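Novice: Sequence:
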Amino acid sequence: MYKWHVHSAIGRGRPLASDFAKVADGIAASLRQFSLSASRSAEDKDGPRISRSQKSAEAFKEVSALAPTPARGIDARSLAAKPPTFSIRRVDGGTSFQGRGGGFTPRSRGTLQGSARGGAGMRGRGRGGARGRGARGRGKARTPQKKAAKEKTDDDAFLEEPYSEEELAYLEMSDGGFPKDYIPETSAESLAKYGPAVMSSPRGIHESVVHRMMIATDNKDPSFEHASIHLARMEEGLGTLFEDGEQKALTEKFQGSRKFMSLPERSRNAIMQQWVAGHYRPPGTPMKGDVVRLARQMTRRNETYLPEDADRFERKLTSILPPQMLANSRKAASKPLATKSPL
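Residue 8 in this note's numbering sits at position 8 of the sequence shown; the count goes up by one each step and never skips.
Be aware that one or more of the hints could be misleading.
In silico BS3-like cross-links for lysine-lysine, where the CA-CA straight-line distance does not exceed 25 Å [to be verified]:
(1) K248 - K220
(2) K248 - K259
(3) K180 - K220
(4) K316 - K288
Worth flagging that the hints you see were computed from the coordinates, not collected in a lab.
On a predicted model such as this, the values are computed, not experimentally measured, just so you know.
All chains, please: the whole structure from these sequences, using the hints.
Specialist: The structure is reproduced here in structure tokens:
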């Protein structure tokens with residue numbers, strides 16, 4: 001700091017007194033400036049100056065601290081990935097193992113140099129030396145023959161065996177019907193089931209009545225049916241027709257303690273008058289104002305109304321009608337019934 005003042009005073013060759021005075025003044029000014037800078041540095045508490053690389057490192061740390069750390073969630077790919085597997089195989093034999101051949105000697109981290117891939121060294125990927133690392137072998141895994149045969153047998157168990165000729169025939173008949181030998185029936189009872197409905201003889205009258213009863217009960221098939229079918233028809237209110245007396249007895253036994261409901265005598269007589277004798281009430285158009293006849297015609301068309309139900313409804317209707325309407329209904333009721341000749 002004082003070098004410049006001393007050189008300037010000696011080099012110019014001026015009188016020493018004046019020059020030394022100037023030198024002293026310059027040194028004093030320099031000391032004052034130094035003391036002022038030191039005091040300001042003490043007040044500001046300035047430490048040693050930091051290099052540019054240190055400033056950059058500190059700025060990077062501050063910015064990294066400000067950034068929020070992302071929440072660590074569950075990665076679906078890591079869940080789906082297979083865990084790492086390690087296979088350890090024991091090699092039977094002596095102390096000498098077969099290597100890959102060659103005389104390449106890699107660098108070693110230890111003090112000793114070993115041949116990791118030499119002809120007499122252990123088969124693997126060593127780094128050489130005392131601290132060398134061995135690697136996984138590349139030998140082919142052996143599968144026992146018994147296990148392979150068992151797996152082949154299990155695979156064959158899932159194969160479907162082809163159907164035999166008898167099974168194929170059964171499947172075909174289950175779809176198209178089973179064959180049945182024809183046995184001709186010429187007895188009187190068997191022929192009575194398929195007899196024509198012609199009332200030319202006592203037998204024809206019986207067949208005609210049976211035919212009409214089959215139509216009324218929706219039992220057009222003369223074949224034998226199970227007792228449960230007959231009971232279901234009776235519960236629905238349609239009625240049923242038994243094939244013979246034996247089938248009726250079996251149905252009664254199958255039913256248990258319940259008894260069959262039969263038609264009253266009046267309904268039977270009305271059915272016989274219509275089906276056998278051919279007497280029936282003509283379905284003519286009722287006259288204007290004849291409410292009773294119109295109601296009688298509607299109840300006759302309704303299959304849920306039996307004759308006694310229709311009579312009960314007619315009596316209730318006549319009890320609430322005015323006398324004028326009852327007179328018209330009595331005139332219509334006084335007309336004779338039409339008669340149909342038997343076929």
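Novice: Determine for every hint whether it applies to the structure shown.
Specialist: Hints, one by one, checked against the model:
no. : hint        : in the structure
1   : K248 - K220 : holds (17 Å)
2   : K248 - K259 : holds (12 Å)
3   : K180 - K220 : holds (22 Å)
4   : K316 - K288 : holds (21 Å)
In summary, the structure agrees with every hint in the numbered list given earlier.
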